[in-house]
Amino acid sequence: MRFQGLIPALRIFALPLRSHSARALQRPPLPIPSATVLKAGPTIPFLGALFGSSAKTDSQSNNMSYPDQRSDDAWQAVLSPEQFKILRQKGTERPFTGEYDAHYPSQGVYNCAGCDAPLYKATHKFKSGCGWPAYFDSIPGAVTRHTDRSFGMERTEIVCSNCGGHLGHVFKGEGYPTPTDERHCVNSVSLRFKEDEGQGK
493 MRFQGLIPAL
503 RIFALPLRSH
513 SARALQRPPL
523 PIPSATVLKA
533 GPTIPFLGAL
543 FGSSAKTDSQ
553 SNNMSYPDQR
563 SDDAWQAVLS
573 PEQFKILRQK
583 GTERPFTGEY
593 DAHYPSQGVY
603 NCAGCDAPLY
613 KATHKFKSGC
623 GWPAYFDSIP
633 GAVTRHTDRS
643 FGMERTEIVC
653 SNCGGHLGHV
663 FKGEGYPTPT
673 DERHCVNSVS
683 LRFKEDEGQG
693 K
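Note that this note's numbering has the sequence shown beginning at 493, numbered continuously upward.
These are calculated hints, taken from the structure and not from any lab test.
Where a beta carbon is used, it is the ideal one built from N, C-alpha and C, also for glycine.
Incorrect hints may appear among the rest.
[To be verified] Using 30 Å as the maximum straight-line C-alpha spacing, the simulated DSS-like pairs for lysine-lysine come out as follows:
id : residue 1 : residue 2
1  : Lys582    : Lys686
2  : Lys577    : Lys619
3  : Lys664    : Lys577
4  : Lys664    : Lys686
5  : Lys664    : Lys619
6  : Lys582    : Lys619
7  : Lys577    : Lys686
[Stated by the list, open to error] Cβ pair distances, simulated, as ranges:
id : residue 1 : residue 2 : range
8  : Ala569    : Gly667    : 40 to 50 Å
9  : Lys619    : Gly665    : 13 to 23 Å
10 : Thr615    : Gly644    : 31 to 41 Å
Turn these sequences into a full structure, and let the hints steer you where they fit.
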């Protein structure tokens, strides 16, 4: 048949293709650049929370106008390193270590450790067991609230209305038997207690 002559020719043509394919299979795979792997990988939510910054909160609170407008250099001159870290850089003290965590006077006022503005009365304080001083309310107008979207969550930051110093966060609806059902979770370092109730007007 006239097709019989084509069979040897096809075999000869297919031979180099098979040899090339075999060499390609034996060749080790090329390494994938790490940048490509990271780009193609899935998003891991907890990494955003772990390395998230409080830039949005800082921007919002720093754009506010407070009566006390001291510069960072001026604050560093009057605050301890720990006070500066918490009040001006929005740090947090370790739980159950603060001076006022288990402090329950019958009267007095808690002032801002930075500018000495009165913030909370002793009668606002309650036992929450959270590891930080807890207050169900503040002196009217003494505390300003900001939305804090750092660390992949949304919370309400509280700052001193006079100087913008970071106090902590406020939480609502936790079920504490208080008049407001709110918990102002405040760093002890941000506070200075004075026994004179008259300073809390």
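Worksheet item: Okay, which hints does this one fail, numbers in order?
Response: none
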